[in-house]
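S.K.: Residue numbers (this note's numbering), protein chains in the order written: chain B, 1 to 272; chain R, 1 to 198.
Calculated from the structure, these hints are not laboratory results.
Glycine residues also receive a C-beta, built at the ideal position from the N, C-alpha and C atoms.
Fair warning: there could be bad hints in the mix.
[As the list claims (entries may be wrong)] Here are the in silico distance ranges between beta carbons for each label pair:
1) R:G147 / B:E142: 27 to 35 Å
2) B:E124 / R:G147: 14 to 22 Å
3) B:A140 / R:E45: 33 to 41 Å
4) B:D32 / R:E91: 26 to 34 Å
5) R:V37 / B:P53: 48 to 56 Å
6) B:E137 / R:E60: 14 to 22 Å
7) B:R120 / R:A133: 26 to 34 Å
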Amino acid sequence: MTAGRRWPFHVAASDPETSVLLAMTVRELELDLDAFEGPFDLLLTLVLREELPLVEVDVAGIVLAFVERLAEREELDLDACGEFLVLVAALLELKARGLLAGEADLEDLEPGEAAEELARRLEEYRRIKGAAEWLAERLASERDRFFRLGPAPLAPRGERRLAEQDPAALAALLQALVAEPPEVSLAHLELRFPPVSRFLEQFRAVLGRRARFDFDHEVGGLTRVEQAVAFLALLELRRAGEIRLEQAAPFAPIRVSREVVDEEVSWNARSA
Amino acid sequence: MERPLRLIQANPLDSLARTIEALLVVASQPLSVGALVEACGDEAERIETALGLLGERYREGRSGIVLEQVAGGWAFRASRDAAEACGRLFERPVERNLSQAALETLAVVAYLGPCSRPDIARWRGVAVDSVVAGLVERGLIAEAGRGDLGAVRYRVTPLFERVFGLESLAALPRLDDFGGDADELRGRLESLAERRPA
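Take the sequences, apply the hints, and build the full model.
M.R.: Spelled out as structure tokens, the structure:
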């Protein structure tokens, strides 16, 4: 995760062995904070990559961990202390900027103003901390107060009062609601289909009397639906090879004539 | 020694006091004078006088039940003398193990609420999401609408006032009174520096 990325600080110690040892001391400082657990180096990396919000990092906890680590060593390690101070100061500055973001940017403030703003914030926090201490003391002093805790009992619902109403107006409204609605006409949906067989027989009879006839003339007096069914009958006869159909041009009269037998045979042979 | 039911004898407010007593026994949370006025169908002034009589009857050292004015109303609680016995039988889950972070968050909400989580985080300098969720679960704070930017805002609940034994939020000390002396802080820092070995 941190491969190829090192925290960019260098130890200015003369002895190379010592410098490596000191650098490791600071980088590998093990931290156990609320928001983070692991080496200091990793914490810095995560913060710089903005994967860990600095606002959640307890800087005081880091300082304590370092001081404890120092105490374990017999001699005061000035180089390590110096580096640590630089790193923690940078962290603090970053955190301070983060805390002030949105209200006042430290970049825009004079150093004096920025210090004043920070001091104001610290003062506010001290007040809240004082209030929290007061609450803790209060809690301790109230520890011997026992009382019943429970959900609020159900209260009876208050009577709902309605505005004055005119019964006649209500009756009129209801009457309008109960009146039978006018019957909807479905006449336009009514379709009566005569049987196709009726036209099959009719056309066969006509062709029995004469060799050809005009379709439009034959169905001229029929309704639109009957004309459609008659046309279906015409197609049916054509499919059966009983008739031949001719039409000079689109929308021109359709001429119907008897199919000649040998033509029917040839048509069947072609289609086969 | 006074007779236990002396209150009920001659006072013209006896009947009203008995009714209030009954209501307070049934209630599981403090009853305001307004609620008592509505329930008893009597005048506020008479209710308060009757509460005075009850307060005299149910006070520390005289009864195992104590009438107290808390969280904007009146409620019965156990006398402090009985706390040890109560503690053996009953748990206090609301205030158990309240952390420093929780107390600081409570302080911010109590003094500056209603306020949002970002507001609280700004005051405390650390993220407060889990702390706020814990306090909501305990019932010490509750949602109170949304702020201009749409963030949920929180306020302390009547349970907070009851747990901390506060008549109302006005009973909290002034926040300014907690302001530490900056010179004192500086002095402590300097004395610390002097103690460090050179």
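S.K.: Check the structure against each numbered hint from earlier and tell me which ones fail, lowest number first.
M.R.: The structure conflicts with no hint, since it agrees with every one listed earlier.
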